[in-house]
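Protein chains: 2
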Amino acid sequence: MREFMQFRDLRVCDILDFAAANHGDTEVVSAFADGTVVRHGYLEIQERAKRAANALTDAGFARGDAIATLGWNDHRHLELYYAIPGIGGAIHTINPRVSADQIAYMIETAKDKALAFDPSLSELVSAIVARIDRPLTLIEMCSGPAQFPAAIGYENFIKDASPQFQWVSVKETDPFGICFTSGTTGNPKAVVYTHRSTVLHAMACCMAEAQAVSGRETILPVVPMFHANAWGLAHSAPMAGAKLVLPGPRLDGNSVLDLAVAEQVTFICGVPTVWQAILDVAEQQGRTLSPIKRAGMGGSAPSRLMVERLEHAGLDVFHAWGMTETNPSAGTGFLKAKHLSLKEEDQITLKLGQGRPIFGLQRKIVDDDGHDLPTDGQSAGRLMVSGNWVVGEYLNAEGSPLEEGWFDTGDIATIDEDGYMKLVDRSKDLIKSGGEWISSIEVESHAQGVPGVLHAAALAEPDPKWGERPLLVVSRQPGSRVSDTEILTVLATKLVKWQVPDKVIFRDALPMTATGKIDKRRLREELFGMIN
Amino acid sequence: MREFMQFRDLRVCDILDFAAANHGDTEVVSAFADGTVVRHGYLEIQERAKRAANALTDAGFARGDAIATLGWNDHRHLELYYAIPGIGGAIHTINPRVSADQIAYMIETAKDKALAFDPSLSELVSAIVARIDRPLTLIEMCSGPAQFPAAIGYENFIKDASPQFQWVSVKETDPFGICFTSGTTGNPKAVVYTHRSTVLHAMACCMAEAQAVSGRETILPVVPMFHANAWGLAHSAPMAGAKLVLPGPRLDGNSVLDLAVAEQVTFICGVPTVWQAILDVAEQQGRTLSPIKRAGMGGSAPSRLMVERLEHAGLDVFHAWGMTETNPSAGTGFLKAKHLSLKEEDQITLKLGQGRPIFGLQRKIVDDDGHDLPTDGQSAGRLMVSGNWVVGEYLNAEGSPLEEGWFDTGDIATIDEDGYMKLVDRSKDLIKSGGEWISSIEVESHAQGVPGVLHAAALAEPDPKWGERPLLVVSRQPGSRVSDTEILTVLATKLVKWQVPDKVIFRDALPMTATGKIDKRRLREELFGMIN
Numbered sequence: 001m002r003e004f005m006q007f008r009d010l011r012v013c014d015i016l017d018f019a020a021a022n023h024g025d026t027e028v029v030s031a032f033a034d035g036t037v038v039r040h041g042y043l044e045i046q047e048r049a050k051r052a053a054n055a056l057t058d059a060g061f062a063r064g065d066a067i068a069t070l071g072w073n074d075h076r077h078l079e080l081y082y083a084i085p086g087i088g089g090a091i092h093t094i095n096p097r098v099s100a101d102q103i104a105y106m107i108e109t110a111k112d113k114a115l116a117f118d119p120s121l122s123e124l125v126s127a128i129v130a131r132i133d134r135p136l137t138l139i140e141m142c143s144g145p146a147q148f149p150a151a152i153g154y155e156n157f158i159k160d161a162s163p164q165f166q167w168v169s170v171k172e173t174d175p176f177g178i179c180f181t182s183g184t185t186g187n188p189k190a191v192v193y194t195h196r197s198t199v200l201h202a203m204a205c206c207m208a209e210a211q212a213v214s215g216r217e218t219i220l221p222v223v224p225m226f227h228a229n230a231w232g233l234a235h236s237a238p239m240a241g242a243k244l245v246l247p248g249p250r251l252d253g254n255s256v257l258d259l260a261v262a263e264q265v266t267f268i269c270g271v272p273t274v275w276q277a278i279l280d281v282a283e284q285q286g287r288t289l290s291p292i293k294r295a296g297m298g299g300s301a302p303s304r305l306m307v308e309r310l311e312h313a314g315l316d317v318f319h320a321w322g323m324t325e326t327n328p329s330a331g332t333g334f335l336k337a338k339h340l341s342l343k344e345e346d347q348i349t350l351k352l353g354q355g356r357p358i359f360g361l362q363r364k365i366v367d368d369d370g371h372d373l374p375t376d377g378q379s380a381g382r383l384m385v386s387g388n389w390v391v392g393e394y395l396n397a398e399g400s401p402l403e404e405g406w407f408d409t410g411d412i413a414t415i416d417e418d419g420y421m422k423l424v425d426r427s428k429d430l431i432k433s434g435g436e437w438i439s440s441i442e443v444e445s446h447a448q449g450v451p452g453v454l455h456a457a458a459l460a461e462p463d464p465k466w467g468e469r470p471l472l473v474v475s476r477q478p479g480s481r482v483s484d485t486e487i488l489t490v491l492a493t494k495l496v497k498w499q500v501p502d503k504v505i506f507r508d509a510l511p512m513t514a515t516g517k518i519d520k521r522r523l524r525e526e527l528f529g530m531i532n
Numbered sequence: 001m002r003e004f005m006q007f008r009d010l011r012v013c014d015i016l017d018f019a020a021a022n023h024g025d026t027e028v029v030s031a032f033a034d035g036t037v038v039r040h041g042y043l044e045i046q047e048r049a050k051r052a053a054n055a056l057t058d059a060g061f062a063r064g065d066a067i068a069t070l071g072w073n074d075h076r077h078l079e080l081y082y083a084i085p086g087i088g089g090a091i092h093t094i095n096p097r098v099s100a101d102q103i104a105y106m107i108e109t110a111k112d113k114a115l116a117f118d119p120s121l122s123e124l125v126s127a128i129v130a131r132i133d134r135p136l137t138l139i140e141m142c143s144g145p146a147q148f149p150a151a152i153g154y155e156n157f158i159k160d161a162s163p164q165f166q167w168v169s170v171k172e173t174d175p176f177g178i179c180f181t182s183g184t185t186g187n188p189k190a191v192v193y194t195h196r197s198t199v200l201h202a203m204a205c206c207m208a209e210a211q212a213v214s215g216r217e218t219i220l221p222v223v224p225m226f227h228a229n230a231w232g233l234a235h236s237a238p239m240a241g242a243k244l245v246l247p248g249p250r251l252d253g254n255s256v257l258d259l260a261v262a263e264q265v266t267f268i269c270g271v272p273t274v275w276q277a278i279l280d281v282a283e284q285q286g287r288t289l290s291p292i293k294r295a296g297m298g299g300s301a302p303s304r305l306m307v308e309r310l311e312h313a314g315l316d317v318f319h320a321w322g323m324t325e326t327n328p329s330a331g332t333g334f335l336k337a338k339h340l341s342l343k344e345e346d347q348i349t350l351k352l353g354q355g356r357p358i359f360g361l362q363r364k365i366v367d368d369d370g371h372d373l374p375t376d377g378q379s380a381g382r383l384m385v386s387g388n389w390v391v392g393e394y395l396n397a398e399g400s401p402l403e404e405g406w407f408d409t410g411d412i413a414t415i416d417e418d419g420y421m422k423l424v425d426r427s428k429d430l431i432k433s434g435g436e437w438i439s440s441i442e443v444e445s446h447a448q449g450v451p452g453v454l455h456a457a458a459l460a461e462p463d464p465k466w467g468e469r470p471l472l473v474v475s476r477q478p479g480s481r482v483s484d485t486e487i488l489t490v491l492a493t494k495l496v497k498w499q500v501p502d503k504v505i506f507r508d509a510l511p512m513t514a515t516g517k518i519d520k521r522r523l524r525e526e527l528f529g530m531i532n
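Those protein sequences? They're chains A and B, same order as listed.
For reference, each letter of the first sequence is one residue, going 1 to 532 in this note's numbering.
For reference, each letter of the second sequence is one residue, going 1 to 532 in this note's numbering.
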């Protein structure tokens, strides 16, 4: 076949080479738990990643090997993001908030041959190692000698290795990394990102319509490198030549704001609770959010109040949507030219939804029979996605998760004629009462607006007459004595009558998943004895 | 092989589908020679493109067929940009400023089966048809019935065709289009863009680091759709959901500025002479450039004065670099964060160069033996490029144009440690005198700064003692009587002594190529009897 235009496999390590060649002195700043801050240019990061690739090769690792990481956002973790795929391996990032049992299951499933971990996670690593019945090379991502038994310190590991390394010539469809879903239903499933999916995803994230990552930005990802590539920022920032500020394990509002000010950060990505903490600290201490200009948020829906506060503080907020199965970015809520003349209130309404798709990713909504529904902003259906950075098959599940080429996200959504999506609910969380749907998300968001309520979960309780009826489970804020009557009275003013829950149950705390979401599966199991 | 992440061929028509689904009402505005302006949303453009695809299919065209266009920037041309690849064909865009002989050669080489042309080019089409000895379907891109003998009018052609069409499922490495180089050396060469090269190129153009095309922009491409995809804007604008304002054949400063104001254009791309015309009109008529915010320019180097005038008028200028062989965008001169604190003068110096590469395209400079030269901003060498949107082989040339996977651009350039490139000269235009290089571009830019000089070309004249010596060929501005002594006296103050040309020859006009550059090849042939 003639190659009219050059065919070059899309490879993740090309991103680091590009940054080293064109942004060699642009900084990657890493902050650690002890308050130290270290700086490297992208050229140094490339050299260190190549040392790590040589060290991994010398230690016997090779093409096809999976290597796990348990780490925070810092430069050593970033180097392994390139060194491991650079030897033709797959980096398996693990969420340290998951139990040792689940992590051991993940390591066995991925057949990881080594584990690189942060020193702060030694206790967890002990528990993991005790559960694994085969040798596992341990690399402690520390600045000095390793403290963990039988581990080697990262700096010692790479110290004598050459900074010259020719990245292994993988095919673009070869694995780059492995990431398990958060597993709110049964065993977590393993998504295998490819070089192609990851490079295309990073290019998309750099688009002005997606995250607009550029060489004029200084970016602080609070979103973790241990799950779904920190929204792609570990790739898009070096691709764009953006300065990266990696915050390590200290993610409280005060630490993040201090670091952002010290490093003149212009753009932070984090879940809504992180933004809430930053806003609260600024308010309590009478500080401004300067120099921060842009706020990316996702993972769960932000409140209108929070978005208003951020916009009034001069930040441009965008709400992103995605999932482990989509590499993860799948959409962002940027406004179009025609929206710039809308009232602020209406602009914020648009920003509160889950946004428009990024080019390269197709979305549609379908009914229970799989027939397409109209994109009228009203019809709600199963949200299906397709594209080069959407999962094709899980590593550890039989059969295909696709329906005629489309992946069912498990969400129920509406899409309007401008492409803006709004999640109605997770399909398994929807409450079907008397043939009509009730959005658990809508009930919860109103309940969480009641003074004194900390967390609220709306569940479908089986009901002989209506099929299902909404039940509300609530935890109170410290010191609050808010009552069920008070909550239901407020809800009655916000919802139509049949959507108001029949009763409220109080708990001291609601169970949470490793990614910080309310674990409704566990609640359903406890309350109704349901699995799933 | 397992498909862990979905593999979806990158296809050009997905771009239009994306725009139709998410930006259905975003306008494509077309201005015509008679002053009429028509508007379509991207949804209508998609419907019309699908009608055209059905009409082409009904007329017997199919996968693998090449179809030529001779048109200006308007919506019919844009529709064919999608309809022709949509049936699995290749759109062969032709520069109407090329001679009928050359166009006939191009049509024969590309084996075009049809020609869609603008009514204003009927005379040229007659001359072309007379030179082609086989049937060629003729489609006249007019609003009413065709005037040209045996041609069918575009609107009649698509009128009764269905707007339902399933784009042909091509492979991503299949041809999307054909474009001939401007051919300053021998017969023009045919570059065959693939779906993959074109989609990756468009994604790159949408990056905040490249052209930052977004859904908040209204874009007026003066750069032509008849050559190298209008810098990719025919693809990147619908990909980003940007409003497109297509100016048709009226490209004088006054028409462009009027259209820009009427349509609230924020971003114009054009060669420096277009910007000069816009600035001159604004100055003569006492108008501002509002609402234009961004100025993209390329094709030849802009002058410092012009960039200063645009920046002082409030525009953000970027200088882009590319060539037919690179789809065409290969780099842009955006500043980095660290440059934002530089003095304006130094910022403009950076913007005057040919900029940094876009991710996905690699560059290097090598010496005559092919050894890498340092990126120190000083060492000048042959500029080589590689990547997914760089030519692999020409349609009509034997052998590979690549050296170990790299394409020799024919330029001599420097690259600094920040990735910024500066073109020194075309390699065949360099003058080697006494073993030292003289940049013809540098000599010419100083000569063109002498009052009274219209155009200047510096050529290498064979010299028995020095190998080569610079010779200057000059055309004067109307009414000017500037002398050789005056010109050489100025040059002596700007250049070191041995770089000053030995003599000046005057011509009434210098020969120009079809893309508006001085045709040095013809001058060399006339003056020294040299071919090339």
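Don't take every hint at face value.
Heads up, the list lumps identical chains together, so a pair's fine if it works in one copy or across two of them.
[Stated by the list, open to error] Distance condition first, Cα-Cα at most 30 angstroms in a straight line; then the derived DSS-like pairs of lysine-lysine:
1. Lys364 <-> Lys338
2. Lys343 <-> Lys171
3. Lys494 <-> Lys293
4. Lys517 <-> Lys159
5. Lys497 <-> Lys111
6. Lys497 <-> Lys465
7. Lys293 <-> Lys428
I should point out that these hints are in silico values taken from the structure, not numbers from a laboratory.
Just so it is clear, the structure is predicted and the values come from calculations on it, not from any experiment.
Hints, one by one, checked against the model:
1. Lys364 <-> Lys338: within (24 angstroms within a copy, 42 angstroms between copies)
2. Lys343 <-> Lys171: This pair counts as neither: shortest intra-copy Cα distance 49 angstroms, inter-copy 46 angstroms.
3. Lys494 <-> Lys293: neither (34 angstroms within a copy, 45 angstroms between copies)
4. Lys517 <-> Lys159: Classified as neither; 40 angstroms inside a copy, 54 angstroms across copies.
5. Lys497 <-> Lys111: This pair counts as neither: shortest intra-copy Cα distance 53 angstroms, inter-copy 70 angstroms.
6. Lys497 <-> Lys465: within (16 angstroms within a copy, 100 angstroms between copies)
7. Lys293 <-> Lys428: So Lys293 and Lys428 fail the 30 angstroms test inside a copy (37 angstroms) and across (48 angstroms) alike.
Checked against the numbered hints above, the structure breaks hints 2, 3, 4, 5 and 7 and satisfies the rest.
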